[in-house]
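K.L.:
Letter by letter, the chains look like this.
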Amino acid sequence: MGKIKFATTWLDGCSGCHMSLLDIDERILDVLSAADIVYGPLVDFKDFPQGVDVTFVEGAVSSDEDEEKIIKIRQNTKTLVSFGDCAITANIPGMRNYYPTKDIFQRAYFENADINHKTPLIGIPHLLPQTRPIHEVVTVDIFLPGCPPPADVIFFAITELLQGRIPDLTGKTRFGK
Amino acid sequence: MKKVSQIQTLVIDGKEVGGRHDETILQVARENDIFIPTLCHLDGLTEYGGCRMCIVEIKGMPRLTPSCTTLIREGMVVTTNSERIMEYRRGILALLFTERNHICSACVSNGHCELQGLALKLGLTHVEFPYIFPKMPVDATHDRFIADHNRCVLCSRCVRVCHEVEGAHTKDIMGRGITARIITDLMQDWGESKTCTGCGKCVHVCPTGALTEKGKSVAEMEKRRQFLPYLKLMRERS
Amino acid sequence: MVLEELQEIAKIENERQGQFEHTINVCVAAGCLSCGSQELLDAFKREIDKRGIEKWCNAKGVGCLGLCTAGPLVSVEPSSTIYKAVTVSDVPEIIDALTGSPVSRLACSSDMSFFKKQQKIVLENFGAIDPERIEEYIARRGYESLFAALRDMTPSSVIERIVKSGLRGRGGGGYPTGLKWTTVMKASGPQKYVICNADEGDPGAFMDRSVLESDPHRVLEGMAIAGYAVGADKGFIYVRAEYPLAIKRLKKAIAQAEQLGVLGRGIFNTTFNFEIKLRLGAGAFVCGEETALIASIEGSRGNPRPRPPYPAEHGLWGCPTLINNVETFANVPTIIRNGSDWFAGFGTEKSRGTKVFALAGRINNTGLIEVAMGTTLRDIVFDIGGGIPEGSKFKAVQTGGPSGGCITEEHLDIAVDYDSLTKLGSIMGSGGMIVMDSTSCMVDVAKFFVEFCMTESCGKCVPCRDGSAQMYHLLNKITRGQGRMQDIHLLEKLCDLIKNTSLCGLGMTMPNPVMSTMHYFKDEYLAHVIDKACPAGVCNMKSGGRQ
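Chains as they are written, first to last, in this note's numbering: chain A, 6 to 182; chain B, 270 to 507; chain C, 417 to 963.
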């Protein structure tokens, strides 16, 4: 049996969950002995590959780019893990949801900007009307809450998944950890 | 004139237990270390029966019953943790997370919040119902306290403690259904309240980060509730 | 007041009415009033004065005649001709016709099923008496039952008669009335109360309103008898402030009854005292729930509280309280007068007597009817109701308001009673019946009722408060063409959750309209979700909301 294809990525998040993932420290070598990291911020591949076994996705779905990305990931992933509070609850990125996007642009690019008052439109993803958790866009298999989830819990979840088991996360981590 | 209390026996989760006839299922369960999750219940306040977390099955009764308001009866057979009940509790908890904006990571009560604690305890790792994301106000007009409606679960503990224990009745509920909201006096700013004594009881009975002390940063707000059963006991004695 | 005095009043009134050869009864209940029946009544009176025929012809306002769709209605006695959609300009012609044959272009056919197939107990005085004159009620044997109860019966024998009659609560639950009365009678306490629940809030329902507007004394008498039976000396009628006419007539009726001594202290020279006070509801649907209603009378926020304890033991201000619906009380005087066997002779084995229904929606004869329990829905909709407007097809009938469900064509032959409707996933409810035809989208109908419950939820318990908002949100998505199959699954899950964990009846029954439409009209839901199409053409699937 070959190594398991493992991927990680982030959408609208702060990368804190990935930092926590790195906090598993030398145990990442154990992960690498059982899995190939085929995509993610930690490796240099441009496109999301096909036939991935496990993908950890950090961050919420905020823009049309996030939406396209998560749909593509879902199509090419066996087990999709919502990684951290932003992915599961929209969390901090979701705090813009109480305001219409035009008000947010007004605040960000006009009221709070000292120079160059204009909304950038070209070459950047368009914001969706609201930031949504991943499972409101595609089906998610496993939820790993926490802001960020503790490294030990991440390591536990990865180890279980690499051994083909569904991790039981009850009581191990919570929203806002 | 004191009424004679009768001792009644019943079975909770297969365990034979006993209690006074005027005790609730919840009380007797807790005396016997049987865990029933609660949110609106708080020792020292009247029961409310609103959060529905403490629902249990009673043999022979078709409906689920809140254990906080149901008195024990001789021969009752109670189940507190069947898979069906746990599923309903998770559903109710999930609904609570969707109705307002519970951003745990940015909350002063992070780590000391009963709502968050229940999610952990009941294994709620995500909410399948869509989040509503309502725009809610924050009242920071009081010198020492903040009311953040984003975090409120409408358990009414603040209303009850203010009315029943402090005797001020500064807090109440306005509006219906999903638009119901805790208000100060007749919907005035808290800082303008003429009836508020500033005792802070409401802040400390609040299960979440909805009522907090000013000057606390994320995860710094710890609530102290020991005063309540003590006050109640002292008053009963006098 | 003694029996002779009561009979004297009746005698004088009957003589007064007897001197008129012809009586013109103009409906002055809310429905007809809104299409100008007060002006019509005035016109009749003027015309009678003008012609100088007031010696043998009398025009008066009466309660609801039932066929509300064709108001203003006028009935002419003794020929019992009913004229519909009468205008002021028709007045001379109708008076001309008193001595000849009826005005055929206005007259309802005398064998019209609407009038023929009904069985009137609660509505027996409707269209016959002036609701604002106690004498007319007394002339039709009013307050005789109260007299009989007070003078000839013990409280237990009154209750026994109600128990034997098989009367069940007409407010929706169908709880045996006699059993409730027994519980309150047995409950101990120096003070007890009787409450009449007139907080009728279901969309499309106007039964209680019509009873209060057309025959208020019947309810007062029923309450006084109940007070005697259970040992209460104070009664409250909790009526919605949105019913100003009912309130006005109730106030008048209470004042008249007190003046005659059939309410108040020492009624009929016995030691029995009974006073009735009005309490106005501020428009909250949830206050129709008994514990919320009691909280509201007490002056608190109208929130329900968990039962037990039931109001029968621990009700208004902690005292044992009997709480019944308007129609339940309205049945009581007749049961006392005619006996329990007579009453039990109507209806089905488990649902005795009759039921008043308010027919509304896509039906020809919108109006108020009373039929024996056990009448089939087909008879109600197609015979009495006159069927569906031409060119359309019957789809479903919604019973029980926001707490009820839809019943489809295949079940139309079911005999209507409490149990048969429950079996079909609906409820009897207080008696609203909304008929829907092919122009109704069932998902939209479900959304309407859920929206109603969402705005009317008190917000105390989580499943009702948040579950209703979530259900509305999902149905809104589906009717905008944005629904996913997963949403249908979530709806089902929510229905189950809300039904089983809510605090009061509002929450427990709120999923019914969704569950029953999902059961009988799953194809419509699927059409919205999969094909993004609304088969009835009601929902605008592109931009949201109704077309």
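A portion of the hints provided could be inaccurate.
Unchecked claim - Cβ-Cβ distance ranges computed for the label pairs, FRET-style:
1) C:GLU765 - A:ILE171: 51 to 57 Å
2) A:LYS107 - B:LYS284: 58 to 64 Å
3) C:GLU765 - B:PRO498: 50 to 56 Å
4) A:TYR104 - C:ASP912: 51 to 57 Å
5) A:GLY7 - C:ARG900: 48 to 54 Å
It is worth saying that the hints were derived from the structure and are not from the lab. Quick caveat, the model's predicted, so the values are computed rather than measured. For glycine and all other residues, C-beta sits at the position ideal for the given N, C-alpha and C.
K.L.:
Take the hints in turn and mark each one as holding or not.
P.N.:
Each hint tested on the structure:
| no. | hint | in the structure |
| --- | --- | --- |
| 1 | C:GLU765 - A:ILE171: 51 to 57 Å | holds (55 Å) |
| 2 | A:LYS107 - B:LYS284: 58 to 64 Å | holds (60 Å) |
| 3 | C:GLU765 - B:PRO498: 50 to 56 Å | holds (55 Å) |
| 4 | A:TYR104 - C:ASP912: 51 to 57 Å | violated (35 Å) |
| 5 | A:GLY7 - C:ARG900: 48 to 54 Å | violated (36 Å) |
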